[in-house]
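Visitor: In case you want the letters, here they are:
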Amino acid sequence: MHVFQLLTTAQGIWIWIGALLTLFIFSFLFGDNPLYKFAEHLYVGLSVGYMIAIYYWNFFKPDLIDPLFGQGRIILLIPALLGICYFAVFIQKASWAVRIPMGFVLGWGSGVAIPAILQANIIKQIQGSLFTTQMLARWDTIVWNIIILVGVITTVVYFFFSREQKGVFKTISNIGIVYIMIGFGASFGYTVMARVSLLLGRLQFLLRDWLGVIQY
Amino acid sequence: MRLGEALSKIDRRIVFAFMALVVIVPFFLPLGILGRVSRPAQQVFDAVEELDPNEGPLLMSVDFDPQSMPELYPMLTSVLRHAFARDVRVVLMGLWVTGVGLGEQALNEVAPEYDKVYGEDYVYLGWKPGFAAVVLGMGKSIPETFPTDHYGTPLESLPMMQGIRNFNQVPFAISLSAGDPGALTLWIPYVQSRFGQKLGAGMTAVSAADAYPYLQSGQLTGMLGGMKGAAEYEYLVQQAGYSTAAMPAVQAMDSQSMAHLAIILLILLGNIGFVLTRKRRQ
Amino acid sequence: MKQTIPRLLCLVAGLVMIVQFFIPHSISETVFAESLRWVRIISAFALVLGVRSIVFHHGTKVRRKSSGWGYSVVTLVGMIVMAVVGLLGGVDPNAPKLIPTSIGTFSFHMQTLYENLMVPLGATMFATLAFYMASAAYRAFRARNKEATLLLIAAFVVMIGMVPIGSAIWPKLPDVAQWLLDVPSMAAKRGILFGVALGIIGTSLKIILGIERGWLGGGRS
Chain Z
29 MHVFQLLTTA QGIWIWIGAL LTLFIFSFLF GDNPLYKFAE HLYVGLSVGY
79 MIAIYYWNFF KPDLIDPLFG QGRIILLIPA LLGICYFAVF IQKASWAVRI
129 PMGFVLGWGS GVAIPAILQA NIIKQIQGSL FTTQMLARWD TIVWNIIILV
179 GVITTVVYFF FSREQKGVFK TISNIGIVYI MIGFGASFGY TVMARVSLLL
229 GRLQFLLRDW LGVIQY
Chain A
3 MRLGEALSKI DRRIVFAFMA LVVIVPFFLP LGILGRVSRP AQQVFDAVEE
53 LDPNEGPLLM SVDFDPQSMP ELYPMLTSVL RHAFARDVRV VLMGLWVTGV
103 GLGEQALNEV APEYDKVYGE DYVYLGWKPG FAAVVLGMGK SIPETFPTDH
153 YGTPLESLPM MQGIRNFNQV PFAISLSAGD PGALTLWIPY VQSRFGQKLG
203 AGMTAVSAAD AYPYLQSGQL TGMLGGMKGA AEYEYLVQQA GYSTAAMPAV
253 QAMDSQSMAH LAIILLILLG NIGFVLTRKR RQ
Chain F
456 MKQTIPRLLC LVAGLVMIVQ FFIPHSISET VFAESLRWVR IISAFALVLG
506 VRSIVFHHGT KVRRKSSGWG YSVVTLVGMI VMAVVGLLGG VDPNAPKLIP
556 TSIGTFSFHM QTLYENLMVP LGATMFATLA FYMASAAYRA FRARNKEATL
606 LLIAAFVVMI GMVPIGSAIW PKLPDVAQWL LDVPSMAAKR GILFGVALGI
656 IGTSLKIILG IERGWLGGGR S
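Chains as they are written, first to last, in the numbering used here: chain Z, 29 to 244; chain A, 3 to 284; chain F, 456 to 676.
Honestly, the hints are just simulated from the structure, not real lab data.
In this text the structure is predicted, and so the values were computed from the model without any measurement.
Glycine included, each C-beta is placed from N, C-alpha and C at the ideal position.
Incorrect hints may have been included.
Straight line, CA to CA, 20 Å or less: simulated SDA-like cross-link-like pairs of lysine to any residue [as the list claims (entries may be wrong)]:
1. F/661 - F/476
2. A/11 - F/596
3. Z/89 - F/539
4. Z/121 - F/460
5. F/516 - Z/72
6. A/281 - F/604
7. A/281 - F/595
8. Z/65 - F/583
If you want the ones that stay clear, here's a sample from chain F, every Cβ over 10 Å from chain A, calculated [stated by the list, open to error]:
9. 474
10. 480
11. 509
12. 510
13. 511
14. 532
15. 539
16. 563
17. 654
18. 658
19. 669
Among the chain A residues that face chain Z by a calculated CB cut under 10 Å, a handful are [to be verified]:
20. 21
21. 99
22. 103
23. 150
24. 153
25. 154
26. 206
27. 210
28. 214
29. 232
30. 249
31. 250
32. 253
33. 257
34. 265
Given the sequences, and given the hints that come with them, work out the whole structure.
Guide: Right, dumping it as structure tokens:
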């Protein structure tokens, strides 16, 4: 039988281990239990250990150690020293120094984000909402783009909380709610697909790779 | 217990068992229903199909980890099959540190099917920290951002990376993303907007609906949404004769369909029970 | 000083990056390119915080023999084993470093451990959600008013239309679902995107200008 034949090969033993760990996680459906806790804690530990190894081989060695000590690029000492400030978290009295690299990275990230978000999520999106000659070529694209424009404006109005929603403002806002409900409904439908897909992936592994009762 | 209450208070274990049955049975009794390929998925396929093997490589970013693997991994392998079948070179990278192994796994699985040689037909750059600093750095210089590949080999010694300076030499990039960092939060604002890079995306279904504004504005050239998107791409690659490999996402679609129907049924039952209970109280 | 230096760094870095975006001069580009390298290096050291947090939390549990300390041992052992195998065995299974990564045909290379331990565990972690989601949707999703009903209908259309059975039930259903995603849903998402984008810009400005100081941590220093 396929499932027992697996135990005769190295890869097969790994499949058995993977299947058991999968079942340990699934056991949570029957309530929290030692098998699930074991698997969960193992995953956390393995993930952190893996990160340490990847950080070293993919970054520290080629991007810091080799250029600094192998090629003599001393300027890299500056960001390295800033990064070493993170180690101050181990020293109670000096733990404030952790804020130094944090401040630099946060400031840098915020500064870079502002023009990027402005360009991608506001300007380009406004451009996408405008009517072009291509859109005006067919009656259906005209109608759909009117619906889109109305939807975008009314949705933005709905989220404008600084002003009291009454009169015309409230009517526009209510139209926005219709669009938002459709949007959230679509998201929910997609979320159902996502959650079910994750289950199907694991079932395929158990039924196909481990038990061998289904083929592709 | 009255009918209304009975319908809205089915034991949780029965619901779990019902769901398990509904998803497992189609694996043994497939319905064989073939859906239609959506327009966004077709756009991604067409973009890869248009790539000239003699020009720059296809860049793919593995922006997910094992938690999203069932949805995004089939996308990764089917796009790789498509590219390799057409002799398009591939550069793979990742922005999620816990997803690095998935990129390697996919290349180890697919490259031998097409006798592709590492360094000549494909390269795995691996991962770097810094999120926006990585992709912005690639826009300036890919060799400076990734001085070596994932295995520590200097990039300049890899034949296919000769002449690949930055995104100007990359005709099409695809981000397979499960969230942040990913297509919507990084590749679109920092790469597509700043460098005009032609960009496609594979998204988990959770965030697929959020990608439509970018599809409509042209910032995204196609999108594969969830496991359905993966199934569509697998189907397209097989129909075009590029692959005879197994299609796990396609196989799962029958179970996916039945699960959706089952959940709709459960929601309807709950609402019927709710209405009946409310009427009785009135 | 303990707050001033970080806030000053934040301000300078932020303003320089905003201004740099609009200046195509070569000096500006050089500063930008160098800053990218610095940020990557500094970001990498943040690993220290994550590792310290895990080791401290679980190490304390083991030291005090608190409830469930055995599981903390599992975490620490898993972390050490994976880190040792990865650091000393290297990333290339064909070119091991300081330690061998296989005995005969049995491999325990980092990539093998990743594919056979981390992948099953990680991939299954959220697989159970399908059951809880079905149960929660059954129990809580009620069409109590017009808005909720509209949400439910849109959800049903997408759930059926975007899977193969949709086209078997009604050939036009996938088109209706696609229209829903392309038009009204997209419009709502775009409106929300504007709000989120403005929020991000506002928060970024507040961080740069020192108005938002949550990242400095609590307490006086």
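Visitor: Each hint needs a verdict: does it hold in this structure or not?
Guide: For each hint, the structure was consulted:
no.: 1; hint: F/661 - F/476; result: 19 Å, holds
no.: 2; hint: A/11 - F/596; result: 13 Å, holds
no.: 3; hint: Z/89 - F/539; result: 16 Å, holds
no.: 4; hint: Z/121 - F/460; result: 16 Å, holds
no.: 5; hint: F/516 - Z/72; result: 15 Å, holds
no.: 6; hint: A/281 - F/604; result: 18 Å, holds
no.: 7; hint: A/281 - F/595; result: 18 Å, holds
no.: 8; hint: Z/65 - F/583; result: 15 Å, holds
no.: 9; hint: 474; result: 16 Å, holds
no.: 10; hint: 480; result: 15 Å, holds
no.: 11; hint: 509; result: 14 Å, holds
no.: 12; hint: 510; result: 18 Å, holds
no.: 13; hint: 511; result: 21 Å, holds
no.: 14; hint: 532; result: 19 Å, holds
no.: 15; hint: 539; result: 17 Å, holds
no.: 16; hint: 563; result: 14 Å, holds
no.: 17; hint: 654; result: 14 Å, holds
no.: 18; hint: 658; result: 14 Å, holds
no.: 19; hint: 669; result: 19 Å, holds
no.: 20; hint: 21; result: 8 Å, holds
no.: 21; hint: 99; result: 5 Å, holds
no.: 22; hint: 103; result: 8 Å, holds
no.: 23; hint: 150; result: 4 Å, holds
no.: 24; hint: 153; result: 8 Å, holds
no.: 25; hint: 154; result: 6 Å, holds
no.: 26; hint: 206; result: 5 Å, holds
no.: 27; hint: 210; result: 5 Å, holds
no.: 28; hint: 214; result: 9 Å, holds
no.: 29; hint: 232; result: 9 Å, holds
no.: 30; hint: 249; result: 7 Å, holds
no.: 31; hint: 250; result: 6 Å, holds
no.: 32; hint: 253; result: 6 Å, holds
no.: 33; hint: 257; result: 5 Å, holds
no.: 34; hint: 265; result: 6 Å, holds
Comparing the model with each numbered hint stated earlier shows that all of them hold.
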